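These protein sequence lines are chains A and B, in that order. Residues 1 to 478 (the UniProt record's numbering) are what the first sequence spells out, left to right. Residues 1 to 480 (the UniProt record's numbering) are what the second sequence spells out, left to right.
Because the hints were derived from the structure by calculation, they are not lab data. Note that this is a predicted model, so its numbers are computed, not measured. Please note: incorrect hints may appear among the correct ones.
For lysine-lysine, the following BS3-like pairs were computed, each having C-alpha atoms within a straight-line distance of at most 27 Å [claimed, not checked]:
no.: 1; chain 1: B; residue 1: Lys326; chain 2: A; residue 2: Lys75
no.: 2; chain 1: B; residue 1: Lys57; chain 2: A; residue 2: Lys61
no.: 3; chain 1: B; residue 1: Lys331; chain 2: A; residue 2: Lys6
no.: 4; chain 1: A; residue 1: Lys24; chain 2: B; residue 2: Lys77
no.: 5; chain 1: B; residue 1: Lys6; chain 2: B; residue 2: Lys293
no.: 6; chain 1: A; residue 1: Lys153; chain 2: B; residue 2: Lys24
no.: 7; chain 1: B; residue 1: Lys56; chain 2: A; residue 2: Lys328
no.: 8; chain 1: A; residue 1: Lys101; chain 2: A; residue 2: Lys77
no.: 9; chain 1: A; residue 1: Lys153; chain 2: A; residue 2: Lys24
no.: 10; chain 1: A; residue 1: Lys77; chain 2: B; residue 2: Lys24
no.: 11; chain 1: A; residue 1: Lys295; chain 2: A; residue 2: Lys333
no.: 12; chain 1: B; residue 1: Lys191; chain 2: A; residue 2: Lys56
no.: 13; chain 1: B; residue 1: Lys331; chain 2: B; residue 2: Lys384
no.: 14; chain 1: B; residue 1: Lys326; chain 2: B; residue 2: Lys57
no.: 15; chain 1: A; residue 1: Lys328; chain 2: A; residue 2: Lys364
no.: 16; chain 1: A; residue 1: Lys56; chain 2: B; residue 2: Lys56
no.: 17; chain 1: A; residue 1: Lys416; chain 2: A; residue 2: Lys386
no.: 18; chain 1: A; residue 1: Lys75; chain 2: B; residue 2: Lys293
no.: 19; chain 1: A; residue 1: Lys101; chain 2: B; residue 2: Lys331
no.: 20; chain 1: A; residue 1: Lys75; chain 2: B; residue 2: Lys191
no.: 21; chain 1: A; residue 1: Lys295; chain 2: B; residue 2: Lys77
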Amino acid sequence: MVAMSKIATGNGHGENSPYFDGWKAYETNPFHPTERPEGVIQMGLAENQLCFNLIKNWLIKHPEASLCTPQGVNKFKETALFQDYHGMPEFRQAVAKFMGKVRGDRVKFDPDRIVMSGGATGAHEMVAFCLADPGEAFLVPTPYYPGFDRDLKWRTGVELVPVNCESYNNFKITRNALEAAYVKAQEANLRVKGLLITNPSNPLGTILDRDTLKSMVRFINDKNIHLIGDEIYAATVFMEPEFVSISEIIEEEDVECNRDLIHIVYSLSKDMGFPGFRVGIVYSYNDSVVSCARKMSSFGLVSSQTQHLIASMLSDGEFVDNFITENKELLFKRHKYFTWSLSQVGIGCLKGNSGLFIWMDLRKLLKEKTFAAEMELWRVIINEVKLNVSPGSSFHCEEPGWFRVCFANMDDHTMKVALLRIRTFVLKNNEAMVPLKLCRPSSLKLSLSRSLSRRMESPGIMSPHSPLPQSPLVRART
Amino acid sequence: MVSMSKIATGNGHGENSPYFDGWKAYETNPFHPIDRPDGVIQMGLAENQLCFEFIKKWLMEHPEASLCTAEGVNRFKETALFQDYHGMPEFRQAIAKFMGKVRGDRVKFDPDRIVMSGGATGAHEMVAFCLADPGEALLVPTPYYPGFDRDLRWRTGVELAPVICESSHNFQITRTAMEAAYEKAQEANLKVKGLVITNPSNPLGTIMDRETLKSIVQFINEKNIHLIGDEIYAATVFKDPEFVSISEVIQEVECNHDLIHIVYSLSKDMGFPGFRVGIVYSYNDAVVNCARKMSSYGLVSSQTQHLIATMLNDDDFIHNFIMESKEQLFKRHKYFTWSLSQVGIGSLKSNGGLFIWMDLRKLLKEKTFDAEMDLWRVIINEVKLNVSPGSSFHCHEPGWFRVCFANMDDNTMEVALSRIRSFILKNNESIVPRKLCRRSSLKLSLSRSLSRRMDDFMSPAGIMSPHSPLPQSPLVRART
Chain A
1 MVAMSKIATG NGHGENSPYF DGWKAYETNP FHPTERPEGV IQMGLAENQL
51 CFNLIKNWLI KHPEASLCTP QGVNKFKETA LFQDYHGMPE FRQAVAKFMG
101 KVRGDRVKFD PDRIVMSGGA TGAHEMVAFC LADPGEAFLV PTPYYPGFDR
151 DLKWRTGVEL VPVNCESYNN FKITRNALEA AYVKAQEANL RVKGLLITNP
201 SNPLGTILDR DTLKSMVRFI NDKNIHLIGD EIYAATVFME PEFVSISEII
251 EEEDVECNRD LIHIVYSLSK DMGFPGFRVG IVYSYNDSVV SCARKMSSFG
301 LVSSQTQHLI ASMLSDGEFV DNFITENKEL LFKRHKYFTW SLSQVGIGCL
351 KGNSGLFIWM DLRKLLKEKT FAAEMELWRV IINEVKLNVS PGSSFHCEEP
401 GWFRVCFANM DDHTMKVALL RIRTFVLKNN EAMVPLKLCR PSSLKLSLSR
451 SLSRRMESPG IMSPHSPLPQ SPLVRART
Chain B
1 MVSMSKIATG NGHGENSPYF DGWKAYETNP FHPIDRPDGV IQMGLAENQL
51 CFEFIKKWLM EHPEASLCTA EGVNRFKETA LFQDYHGMPE FRQAIAKFMG
101 KVRGDRVKFD PDRIVMSGGA TGAHEMVAFC LADPGEALLV PTPYYPGFDR
151 DLRWRTGVEL APVICESSHN FQITRTAMEA AYEKAQEANL KVKGLVITNP
201 SNPLGTIMDR ETLKSIVQFI NEKNIHLIGD EIYAATVFKD PEFVSISEVI
251 QEVECNHDLI HIVYSLSKDM GFPGFRVGIV YSYNDAVVNC ARKMSSYGLV
301 SSQTQHLIAT MLNDDDFIHN FIMESKEQLF KRHKYFTWSL SQVGIGSLKS
351 NGGLFIWMDL RKLLKEKTFD AEMDLWRVII NEVKLNVSPG SSFHCHEPGW
401 FRVCFANMDD NTMEVALSRI RSFILKNNES IVPRKLCRRS SLKLSLSRSL
451 SRRMDDFMSP AGIMSPHSPL PQSPLVRART
């Protein structure tokens with residue numbers, strides 16, 4: 001037997017969790033419109049596939065963006081040799097410009113505060129290494145991206161303490177919840193070094209309002225702990241209200257804050273749909289953190305070939321403007337159609353205006369209000385409905401019955417197949433749940449338009465009003 | 001005061017060392033043939049700049065290697081979305097093939113054992129995280145690449161214990177030295193988890209012979225500790241003897257393959273440090289598995305995977321590239337070492353790497369590291385060359401300097417050599433054979449001594465220093 005490290009032999013990589021079953025089901029039988037029309041449709045991967053035509057058009061018109069074209073090859077050598085961890089100046093300028101435009105130019109980002117990392121995955125780990133010692137903790141509001149359990153903890157030894165957010169107030173992050181989490185950490189002898197928020201939220205698809213953000217900034221400032229804002233979905237806000245970034249809040253007059261506590265994690269994986277290019281960014285208002293992170297970035301620099309491409313692309317003001325607009329539009333349309341279709345069969349979701357997914361409310365379909373019931377329902381959805389969605393418990397949601405469903409990682413046809421499967425499943429199993437008017441397919445079209453106007457108005461949770469005073473729990477098949 | 005981590009506030013990043021002075025001198029006044037002809041010439045960066053024309057030609061002939069050309073753009077979307085930490089199959093196949101070819105196809109590499117990392121920098125850190133706990137140790141023969149101090153230790157908490165290699169043995173790694181280092185670690189209560197070797201060596205430019213490699217494999221096997229072979233300079237071996245890889249030796253010697261791991265990269269062999277193509281190749285399934293998960297922190301950009309896959313799947317290209325690279329390196333090395341020997345400067349006899357291990361012991365005021373640093377500052381500030389002092393590589397003996405020769409064009413190299421010549425002739429008349437002191441007779445003497453110098457290349461003795469006509473070369477007082 002040869003000895004490896006504890007990190008290597010432990011479970012910190014997070015892949016032994018039951019949630020990988022959905023992935024395995026998908027991988028053994030992935031949907032394909034012609035070859036495997038009964039396969040599992042992937043709705044568990046938050047990818048943005050909607051804007052590639054726009055991007056391809058730009059690429060063909062800009063051969064200088066590549067190092068391998070006659071127009072670009074004279075920069076091949078200097079770029080291939082460029083390994084300076086400061087990053088290419090034009091790359092940092094372009095990313096800083098893009099980040100500003102995504103925020104409506106309401107703030108300006110300083111290219112010299114831009115530090116590269118191995119995707120947002122590398123960025124989060126790097127920030128944890130900079131700010132916390134092994135055994136210290138970050139607060140993280142639930143529900144949150146499961147990758148944090150690995151990225152922030154695995155090799156760093158840092159702990160995560162959840163800040164519980166509840167559905168009754170649409171999962172808002174309250175001062176009380178923050179304080180309660182802080183106290184709980186202290187009682188467990190965990191020194192809290194920071195608070196990590198994801199805004200826009202994964203998995204909720206919502207943005208934080210100004211007051212909540214201010215309250216958070218005050219909280220971390222009071223406690224003298226760091227605030228790490230993951231704004232990886234910033235450009236996916238497709239409808240009002242407008243996105244408010246931490247970078248804006250700290251400029252406001254009524255917010256007093258030590259900027260040395262403020263850090264933003266960013267990436268092009270979600271906003272642009274480039275997860276393969278590993279463009280992770282750490283932006284810190286703290287000079288020491290920038291300096292330290294920059295040195296650490298050696299472990300995960302962005303390929304200079306990719307820096308060159310991104311610099312060319314994002315330096316093009318017109319392209320950036322068009323991209324941002326087009327992206328929002330396509331996401332808006334997709335989201336609207338998707339949520340409306342679900343509501344037609346009585347499935348509601350948290351009212352969201354961003355992200356690449358919806359936070360679907362299937363509480364009414366649970367046998368009982370438990371996570372075991374949630375897992376059972378999930379297995380039905382994977383094995384019978386043949387959709388890989390993500391159960392709320394994988395996001396550490398405190399309440400069972402919620403599921404994250406991605407909608408931007410497929411073409412229109414696949415989306416329609418997915419929706420049809422959902423409709424079929426719901427109608428087959430949950431007749432009592434759907435308003436009687438809608439049960440008879442013949443009158444479906446008429447009812448749809450009538451109930452549509454009613455659907456669009458309800459706040460927070462978009463679930464149709466049931467004509468029955470109580471929606472009976474439906475027995476999900478095991 | 002806001003609180004950061006101990007890792008952040010400590011010195012583990014290694015940049016507070018005095019060795020950065022050379023870099024700073026270079027950065028404030030970098031040589032440029034026209035704009036700054038008196039600037040500092042960079043000879044401290046081990047880059048391979050010799051094959052770019054060759055590569056550019058290939059690129060022009062293969063537009064499909066880019067995702068941004070008409071021929072390649074239809075793969076843009078799938079590639080931009082590809083974030084699987086297994087890596088693109090064609091990328092892994094191409095790398096495995098290249099690694100095999102660099103070793104003369106004497107071994108075959110399995111694409112499924114190829115794991116990506118953020119350059120060799122990320123690879124080393126990743127391996128340390130997989131194999132050792134904080135406080136445990138890895139043995140490293142000296143002199144060694146200074147980056148190891150950061151890459152293997154900074155965020156991992158792993159310790160390094162040096163295996164002392166001496167010039168008397170041409171810095172070869174002996175069993176005795178390994179045992180001594182192992183024992184010393186134990187006495188210091190450090191649990192040794194592995195041995196890290198760099199072959200071909202940085203900074204020496206030499207390769208390990210078969211016997212040494214076997215002895216190393218036997219040692220780690222007996223101690224049941226890991227062997228990490230950094231073979232980042234594998235394709236830079238430009239003349240005989242032929243490179244022998246760990247991958248070959250383990251076919252010949254009894255050894256638990258679960259202990260064997262190779263770190264690789266395209267930064268040196270191909271001259272692509274910017275592309276961050278780091279590779280961990282392990283014969284241990286559990287390590288491959290763990291490293292693969294960790295690779296998420298430093299995957300190779302899929303855009304770059306696509307380019308490299310296309311390039312290295314072209315057999316003709318690889319074959320020609322390997323040959324061209326060796327040829328260019330051989331020529332450059334030969335001219336460089338010969339020119340130095342003309343002014344009485346020797347170096348360790350070497351056949352690989354992008355640098356020479358220059359012997360300036362005779363120029364030291366005294367046999368101390370302080371004297372080495374003094375001499376180094378003279379070289380930076382007066383000769384205006386950024387070379388790397390041996391102490392920065394943890395060399396046990398003062399007076400050695402690593403000088404890179406493959407990161408500049410011919411003109412710059414001539415300027416560098418001429419500066420060295422001037423410096424030596426001005427300061428060290430007694431060290432140079434009298435024949436060469438008088439400039440007017442320089443050309444004649446050069447050709448006469450040339451034939452003698454060439455013999456020196458062939459000399460079996462490791463250290464290539466010219467025969468001095470004086471029985472003793474007096475120490476020269478270096479200016480402070």
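These are the hints, each one checked on the structure:
no., hint, verdict
1, Lys326(B) <-> Lys75(A), "holds, 24 Å"
2, Lys57(B) <-> Lys61(A), "holds, 23 Å"
3, Lys331(B) <-> Lys6(A), "violated, 48 Å"
4, Lys24(A) <-> Lys77(B), "holds, 24 Å"
5, Lys6(B) <-> Lys293(B), "holds, 26 Å"
6, Lys153(A) <-> Lys24(B), "violated, 36 Å"
7, Lys56(B) <-> Lys328(A), "violated, 39 Å"
8, Lys101(A) <-> Lys77(A), "violated, 32 Å"
9, Lys153(A) <-> Lys24(A), "holds, 25 Å"
10, Lys77(A) <-> Lys24(B), "holds, 24 Å"
11, Lys295(A) <-> Lys333(A), "violated, 43 Å"
12, Lys191(B) <-> Lys56(A), "violated, 54 Å"
13, Lys331(B) <-> Lys384(B), "holds, 24 Å"
14, Lys326(B) <-> Lys57(B), "holds, 18 Å"
15, Lys328(A) <-> Lys364(A), "violated, 31 Å"
16, Lys56(A) <-> Lys56(B), "holds, 24 Å"
17, Lys416(A) <-> Lys386(A), "holds, 14 Å"
18, Lys75(A) <-> Lys293(B), "violated, 34 Å"
19, Lys101(A) <-> Lys331(B), "violated, 52 Å"
20, Lys75(A) <-> Lys191(B), "violated, 48 Å"
21, Lys295(A) <-> Lys77(B), "violated, 32 Å"
Hint check: violations occur at hints 3, 6, 7, 8, 11, 12, 15, 18, 19, 20, 21; the rest are consistent with the structure.
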